[in-house]
Amino acid sequence: MGDTIEKQTVEVQNVLFAAQENGFCIFKAMQNDKKEYVAKGHVGAVSEGDEIIIWGEWEKHPKFGPQVKITRYQLPDMASKGTLAFLSSGFIKGVGPALAKEIWNTFGEDTARIMDEEPRRLLEVSGIGKKKLETITNSWQENRSMQEAIVKFQEWGIGPVTVQKIFKKWPDNPLEVVQGNPFVLAWEIDGVGFLTADKIAVAMGVRDDAPERIRAGINYVLQEAASKEGHCYLELDDLVKRSQKTLLEARQASESDADTGTLSESDADTLIREQVNQLCAVEALVRDGESGERIYSAVIYQAEQSLGFHLRRLLGNIKPFPYDIDALANDYEQRYQIKFDDCQREAITSALNDKVCIITGGPGTGKTTIVNAILDLAKQSGLDDDSIGLVAPTGRAAKRLEESSGHSGQTIHRYLGFNPQEGFQYDAHHQVSHELIVCDEASMLDTFLAKALTAALPSSARLILVGDVHQLPSVGAGNVLRDCIRSGEISVTELDTIHRQGEGSWIVRNAHAVKDGQTNSVNLSNQTEDFFWEDMAKKHPDLSPQDRSVEMQKRILDAMRGLQKEGYDPASVQVLTPMYKGPVGVTTLNTELQAMLNPGSPDKAELKFGFKTFREGDRVMQLKNDYDKEVFNGDQGWIAEIDTEESRMHVEFDGRAVTFETMELDQLVLAYACTIHKSQGCEFPVAIIPVTTSHYIMLQRNLLYTAITRAKQLCFLLGEKKALGISVKNNKPVCRNTTLESLLKEGRSQPRKPASRQRRRSLLEANG
1 MGDTIEKQTV
11 EVQNVLFAAQ
21 ENGFCIFKAM
31 QNDKKEYVAK
41 GHVGAVSEGD
51 EIIIWGEWEK
61 HPKFGPQVKI
71 TRYQLPDMAS
81 KGTLAFLSSG
91 FIKGVGPALA
101 KEIWNTFGED
111 TARIMDEEPR
121 RLLEVSGIGK
131 KKLETITNSW
141 QENRSMQEAI
151 VKFQEWGIGP
161 VTVQKIFKKW
171 PDNPLEVVQG
181 NPFVLAWEID
191 GVGFLTADKI
201 AVAMGVRDDA
211 PERIRAGINY
221 VLQEAASKEG
231 HCYLELDDLV
241 KRSQKTLLEA
251 RQASESDADT
261 GTLSESDADT
271 LIREQVNQLC
281 AVEALVRDGE
291 SGERIYSAVI
301 YQAEQSLGFH
311 LRRLLGNIKP
321 FPYDIDALAN
331 DYEQRYQIKF
341 DDCQREAITS
351 ALNDKVCIIT
361 GGPGTGKTTI
371 VNAILDLAKQ
381 SGLDDDSIGL
391 VAPTGRAAKR
401 LEESSGHSGQ
411 TIHRYLGFNP
421 QEGFQYDAHH
431 QVSHELIVCD
441 EASMLDTFLA
451 KALTAALPSS
461 ARLILVGDVH
471 QLPSVGAGNV
481 LRDCIRSGEI
491 SVTELDTIHR
501 QGEGSWIVRN
511 AHAVKDGQTN
521 SVNLSNQTED
531 FFWEDMAKKH
541 PDLSPQDRSV
551 EMQKRILDAM
561 RGLQKEGYDP
571 ASVQVLTPMY
581 KGPVGVTTLN
591 TELQAMLNPG
601 SPDKAELKFG
611 FKTFREGDRV
621 MQLKNDYDKE
631 VFNGDQGWIA
641 EIDTEESRMH
651 VEFDGRAVTF
661 ETMELDQLVL
671 AYACTIHKSQ
681 GCEFPVAIIP
691 VTTSHYIMLQ
701 RNLLYTAITR
711 AKQLCFLLGE
721 KKALGISVKN
731 NKPVCRNTTL
741 ESLLKEGRSQ
751 PRKPASRQRR
761 RSLLEANG
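Position 650 (the sequence shown) corresponds to 650 in the numbering used here; numbering is contiguous.
Hint data in this document are derived by calculation from the structure and do not stem from the laboratory. Values in this document were obtained by computation on a predicted structure and should not be read as measured data. No residue lacks a Cβ here, since even glycine has one placed at the ideal position from N, Cα and C. Where hints are given, some of them may not hold.
Here are the simulated SDA-like pairs of lysine to any residue, each with C-alpha atoms no more than 25 Å apart in a straight line [stated by the list, open to error]:
{"#": "1", "residue 1": "K34", "residue 2": "E11"}
{"#": "2", "residue 1": "K34", "residue 2": "F64"}
{"#": "3", "residue 1": "K539", "residue 2": "T588"}
{"#": "4", "residue 1": "K69", "residue 2": "D110"}
{"#": "5", "residue 1": "K539", "residue 2": "Y696"}
{"#": "6", "residue 1": "K722", "residue 2": "K608"}
{"#": "7", "residue 1": "K93", "residue 2": "V658"}
{"#": "8", "residue 1": "K608", "residue 2": "R555"}
{"#": "9", "residue 1": "K168", "residue 2": "R207"}
{"#": "10", "residue 1": "K608", "residue 2": "G49"}
Per label pair, the in silico range of CB-to-CB distance [stated by the list, open to error]:
{"#": "11", "residue 1": "W638", "residue 2": "G191", "range": "21 to 27 Å"}
{"#": "12", "residue 1": "D385", "residue 2": "Q179", "range": "38 to 44 Å"}
{"#": "13", "residue 1": "A657", "residue 2": "D558", "range": "30 to 36 Å"}
{"#": "14", "residue 1": "K131", "residue 2": "H540", "range": "51 to 57 Å"}
{"#": "15", "residue 1": "G108", "residue 2": "H540", "range": "39 to 45 Å"}
Could you put together the complete structure from these sequences and hints?
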C-alpha cells in the first residue's frame, strides 16, 4: 500500500500477540478519531489502555489484510510512566502487565511513593491479597534500583525476558555496558541478534562505518552460519558478501532519521576485509587453508583442531584385544540362542580390536543387540562395570541406552561433570578412568561435544560410536559422524540386515525404503498393522496446498481422538512436523492440540507468557541446555503444578521436578507437536507425521527418514503423494564447511593453545 504515518498517538485496544523475548507486538490501535486498525512492531511491553506514539507505513498482509508496520515509536510522558513500565517488566514477582495497569490506574503518578512508603495500600487493588502483597513488596524493594535501566531498555524495544538476561550478565552496571558498546548484546545475550543491537546503536548515533559495528556484523554472520547451517568456517569471499548484506540491510531496516552516515557496498567490502585482518591479528578469528581463505571463529577452530588431534591420539595407541573374539562370540550365541550375521560379527570384532570404531545402521538392524553383546564380551574378558562408560548426547537417548543394556547411562555433559561456572570436570588434563566407552546416537554429536568427549578419554581407552549416519546431522556446528566415516581412518561397520520386529514391521521396511530412495517400495496400501498412509491430495483434489493443510490439521486432530478411543495415552503420541509456521506447523498444532487434550478449566492453573499459555497438565519441551536445572535441549516433561501467586511452575522431567520462574518460560514450549529436528534421539510409541508441499523447503529424505524412525509401534503418515515423492528423491548431501575429515587424514600435531578469551574480546569490545 505504501502510505506512511508520520506521527500518530494511538491507544492500545487489544494485544493480539506479544513476544516478550524481543518486544515484538501485534495490537489493535485506536486513533483520536476512534478509527481502529492493526499495528505491529518492536514496541516493548504494552498493554490494553496504553497510549503510544507511532511512526510507520501501511502494508497489506496476504491473510489478515491492511495493517501498520511500526518503524519508530515513543511512549508519551516516559518519565512519569517509568513506574508503570517497571511494574510491567517482569522483575516484580506476582505482577503481570494487567495487574501493573490496575495498580497504575489506582494510584497514578503517586504509585512509586506508595510502593516505597505505604505498600499496604496495595490491598486496595483488586486481585492483591496479603500473600501477594508480601511477594510484590519484597520484589519491589529488591529491584528498585533497576528501574532507570529497565525503562531505558524497554524504550529501545528490548523485552522483559531479554532485560533479565542482561541484568544476569552484568548485574552491577548493565546500562553502562550497553551504552558503551551496544553490540556486546549481539554476542553475549542469547536472543539478541545483530539487528536489535544495531537499532540501539542507531539511537546512540553510532556511524554506519564504525569499526565496532563492522566487527559485530562479521561476528554475527559467523555465529549464524554455525548455529543455523552447521558451518565451522566460511570462505573469506562468502563471509564478506554475507557481512556486507547484513550491515547494509540492518540500517535500511532501522528506518531512523538519525544521521549516521551512508555505507556504500564498495566501502563495506573494504572495511569488512580490514576488520577481518584485525580480528585475525588478535586471534578472535583464525585463517586456515592453503591461502588463508577459510575464516573461523577462534573457539570453533580450536574445537575442531582438538577433536582431530584427540581422535588421532586414540587411534595411534594400538592395543590388540588379548582374547579369541570368535570363541567369545560363539559362546554368546549359545547362551542367548541367537545367530550373528557377518556384519554383526564384524562390528563385534571391530569394537573389541580397534581403538576407535563406528557402528552405523538403520532401525531394526540390531545396533542395540550388538552393543549388548560387546558389553557382555568385554566383561567376559575381564572388564568390570567400573571400566565401562555408556553415554549419549541427550537425556532420553542415555536413558534408553541404560534400559536396553542394563548398565548405567549418562548424558555426555553429566559423564564429564559439566557445570556452568567451571566447565567440564574431566578434560585433557583430568581424564576419565574408563577403558571402554560407548557413545550412542553419535549422529547428534557436534564439534564441541565430540571434542569434549574425546579429550577426556585416556589413550588406553576404546571408543565405540553408534549411530545412524542417514539421520539428520547435529544441530550444532560440524558433521562429526559423517566426517569420521569419510576420512577412511576409522573402522566402520554398517549393519544392513533388518532384524527388529522381523519382516512384519512396515515402519522399519518403509524407513529403509525412504533411506535408499526407493519411492515405489514405500508401502502406501494402508493395510499394514503399524504403518498408515492417508493421501489428502486424493481426498481433496480441488484444494490448494495451503487449504489442504487446513484439512490436514483437522485430520491430525481426528487421528488423535481416534487413538484416544483405542486406548492410547495421548502422552505416547507425538506429532512430528518439519516447520513452525502454517496450519500443520508446530505453533498452530500445539495450540489446537492443547485446546483438545488439555482445555482450560477453573481447576487448572495457568500462566501466560507472551503469546503462550501454559496450563497444569500440559506437555512441554525444553528449548535450550540449562545446566543449573540439568534439563537439556529437546527434553520433554509435563506441568505438574503452577503457583500463580509466585508466578512460577513446576515441571516433571522423567520423575524429577524442576521449577521455572515466569521469566524463564522462554526456555519452554508446548510439546504435543514438535519439529523433527527436536525429536532426534527420542522414540515414541506413536508418531503422526504430515507431509505437504506447503513445507516444500523442508522436504528432504533424511528429514522424513528421521521422522519415521521415531515411531516404534504405529506411524501415521498423512499428506500428499507428490510431497512424499519429493522428500524421498531429495537426497542432497548435507554440505557443511568442516575440515575434520582432512584433519584425520593428515594427522596434524597438537593444535596451538588459543589466545585467552579476554584477548580475543579486546578488539571486539573496543569502540575504535
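What are the numbers of the hints the structure violates, in ascending order? Going through the list in order, the structure violates hints 4, 6, 8, 9, 12 and 15 and respects the others.
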